[in-house]
Every structure is written in C-alpha cells, then in structure tokens.
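Peer 1: Spelled out, the chains give:
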Amino acid sequence: GAGVSQSPRYKVAKRGQDVALRCDPISGHVSLFWYQQALGQGPEFLTYFQNEAQLDKSGLPSDRFFAERPEGSVSTLKIQRTQQEDSAVYLCASSLGTSGRKETQYFGPGTRLLVL
Amino acid sequence: GESVGLHLPTLSVQEGDNSIINCAYSNSASDYFIWYKQESGKGPQFIIDIRSNMDKRQGQRVTVLLNKTVKHLSLQIAATQPGDSAVYFCAEKERSGSARQLTFGSGTQLTVLP
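If you read the sequences in order, they're chains A and B.
Residue numbers for the first sequence follow the working numbering, so the first one is 1 and each next one is one higher.
Residue numbers for the second sequence follow the working numbering, so the first one is 1001 and each next one is one higher.
Don't read these hints as lab results, they were simulated from the structure.
A few of these clues could be false.
[To be verified] No more than 30 Å apart at the CA atoms, straight line, and that leaves these computed lysine-lysine pairs for DSBU-like: (1) B:K1042 with A:K102; (2) A:K57 with A:K102; (3) A:K102 with B:K1071.
[Said to hold, decoys possible] The following residues of chain B were derived to be distant from chain A, with all beta-carbon distances above 12 Å: (4) S1026; (5) R1051; (6) P1082; (7) S1085; (8) T1103.
Yeah, the Cβ is synthetic: ideal placement off N, Cα and C, and Gly gets one too.
Just chain B, with the same shape it has in the complex (with noise of 0.2 Å):
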C-alpha cells in the first residue's frame, strides 16, 4: 500500500554543520506535510509545514524543501546543536473530504556530535 518513508534511518553530524533529514512518499493524494521532532519519552513536537503548493517554507533555523515531481520531502537546520538530537518523523495527510488523519514515516534518528 501507499505509505511515507525515509531514506535513512540514522543521521550523525557534527554540532554546528547543517543537517538534512529527507523523506519519499508516495501518495500522490497527499496535500499537507509535517515534521515532528521527538525525544525519547516525549511526544512528537511540530516544527515545520508545507502544502502541496508550496516548494519551500522556512523556520527558525529549519527549512523544509517539497518536490512534488518525485515525491520527496527534506528538513534542513541550520547550525545543528546537540539539542537538535531526536527522532525526526515526517508525516502526511491526504486531500480528502473526510480523512483528517496524519500518515507517518519510520523515523530518522538524528545524533549531534560534540
């Protein structure tokens, strides 16, 4: 069936270099998609959006890119700080009259090394 996916499921980077996350899906009836960070025992805290319309939008040190042609999702941060070490999930919701639900991926394990 159709489902999110992620390319990579652990990311190592060095405090203060750039990090990205990415991410495939594969639901062409999707419109909206999310980045959630979760830390262990903690549930998953938003950060960043996009709609189907857009091909880029920036946050506060994040950045996410959509390429819709080959349904490929990314999270950039900028100046990666070891506070940025958690569980990143990309998740999607489709263009549906009545399906409200998000879709999520596997999740990549982002470590920042001192």
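Looking at chain A on its own, in the form it has when it is part of the complex (with noise of 0.2 Å):
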C-alpha cells in the first residue's frame, strides 16, 4: 500500500519568506509526528498529533513554527518568517497507533527545506 508522502520535496526560500510542508499520512493511521533532520545528523522530534488534537508541541524551536491536522489525516507544517537555520530536511511520520506493535512509525521521504 501506499506509505507516508510529502510534498513539496525540495523547497528553496528567501530568508523571511514563509513556507508550507505538506504530509499525507498512511491512510488509517492515527499518529502522526513531524521531525528536523540537520545535515550528518539523526532526526530531532517537533511535534506529535493524535488524530486532529495536537498532544506535544515540545520541539518546535520557536513560535515561527506552527502545525496543523484539522481531520485527523493531512498534517501541514509551517514555518513563517525562514532564517537560515532553518534549512534542514522535514520528515513525517505516522504510526497506527500508540503502543504495542501499532507504535512502529513509518517515515515519509521528507521535504528539503533551503533558506537562504
């Protein structure tokens, strides 16, 4: 079946612009997580929603950073205003559920994200 998807892949910003990353999750999958990856480096945990309801929100760096999964499916991440320290590659992941074997996360191919 289809896994996790997201779109844009690659994304070129002007520092202060914003932007918007988009994630389809796999169909019936109830979690859903976002990660940073920085170069060479393993990926850092933004944020996590259980259907539509945003349950941690611990990660995100700083208020520019806002997510959103209004049905319980899609999940858009934004980030307003981009600096340069932004640019890092954007992964989604989504899971059946939350514990037991439903916790396993898929990882979609994330969106590269370059500010400049």
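Both chains are sitting in their own frames, so use the hints and assemble them into the complex.
Peer 2: As structure tokens, this is what we get:
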C-alpha cells in the first residue's frame, strides 16, 4: 500500500518568507509526527498529533513554527519568516496507534528546505 | 541531558561479511528501541525493533541485541550486501504515559566494499 508522502520534496525560500510543508500519512494511521533532520544528524522531534489533536509541541524551536492536522489525516507544518538556521530536512512519520505493535513509526521521504 | 549515541560514525565491511553496528543509550526510562536505515535522499526505513522485556530479536538477515545492564543496543546484519550501504540510526522511546516521540542517535555510515 501507499506509504507516507510529503510535498514538496525540495523547497528553496528566501530568508523572511513563509513556507508550508505537507504530509499525507498512511491511511488510517492515528498518530502523526514531525521531525527535523540537520545534515549529518539524526532526526529530532518537533511535534505529535493523535488524530486532529496536537498533544505535544515541545520540540518546536520557536513560535515561528506551527503545525496543524485539522481533519485528523493530512498535516501541514508552517514556518513563518524563515531563517537560515531553519534549513534542514523535515520528516513526517505516522503510526497506526500508540501502543504495542501499532506504535511503529513509518517515515516519509522528507522535504529538504533551503533558506537563502 | 540523556541521549542516544553511537560508538562509531563509520563502518566499512566486505560484501558477504557480517556487520555489527553498536548504539549506547543513557535513558533508563526507555522501553522500546528501533533501528532505521536511511539511504541518501530518502526517509528513515524501519528495520527491526525490540522492547525492553527482550534481549534478542531476529528478522530477515538482521538481529537486534539489547543489553539493559550496560544500556547497549546492537544491530547485526548477516551476509552484508551492497544494498545495505546506508546510514543506520538507533532510536528509543520512553516508557511514559504521554511521550510518544522517538529520540535518535547521530547515525553510523555503513559502506559495503566489493
């Protein structure tokens, strides 16, 4: 079946521009996660949704970062007034549930953001 | 703070040999561990996972070992193939009522030599 998809795959933004990154999770997956991956590093947690509820946003680096999942499926990560330090790969992951075998997270291909 | 880390940043092995990738963790509250493979330009791909009530788990050509006494995790790949060349990450999740996110290490680059 279809995996997690993300769009756009690549985004170049001028410093100060707003960007919106989209994630389509695996159909039926309750949990959705956003991670940020800097070059040569492991992914770092940004925020987590269970259905439409954003249960944890402790990893968002500043109030310029905002995420939503209004209907409990597709999610959008928005970054306002982008800065050069926002350049990274933004990964989305989804899982069927939150316990046992259902909590395995499956990742999308990521959106590579470059802020000039 | 507590973190997941890897012993070696790079590992080169001959095709057909076995590979062992190591990972140290320091968060004693973690009860779920996962290995991911990430190829260039792609997202992390799930390989195998293990819970803290187990010491060993086997998959197809892969085995994960967990030593809770020394907080050590390893991934063994049998008969390593060129397609196994990638960055491998270990990740952990806390045994917590609310925490759901994974904490990743910095990764090991595995290169398979012909």
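Peer 1: Against each hint, give a clear statement of whether it holds in the structure.
Peer 2: Comparing the hints with the structure gives:
no. : hint                : in the structure
1   : B:K1042 with A:K102 : holds, 23 Å
2   : A:K57 with A:K102   : holds, 21 Å
3   : A:K102 with B:K1071 : holds, 25 Å
4   : S1026               : holds, 15 Å
5   : R1051               : violated, 9 Å
6   : P1082               : holds, 21 Å
7   : S1085               : holds, 16 Å
8   : T1103               : violated, 7 Å
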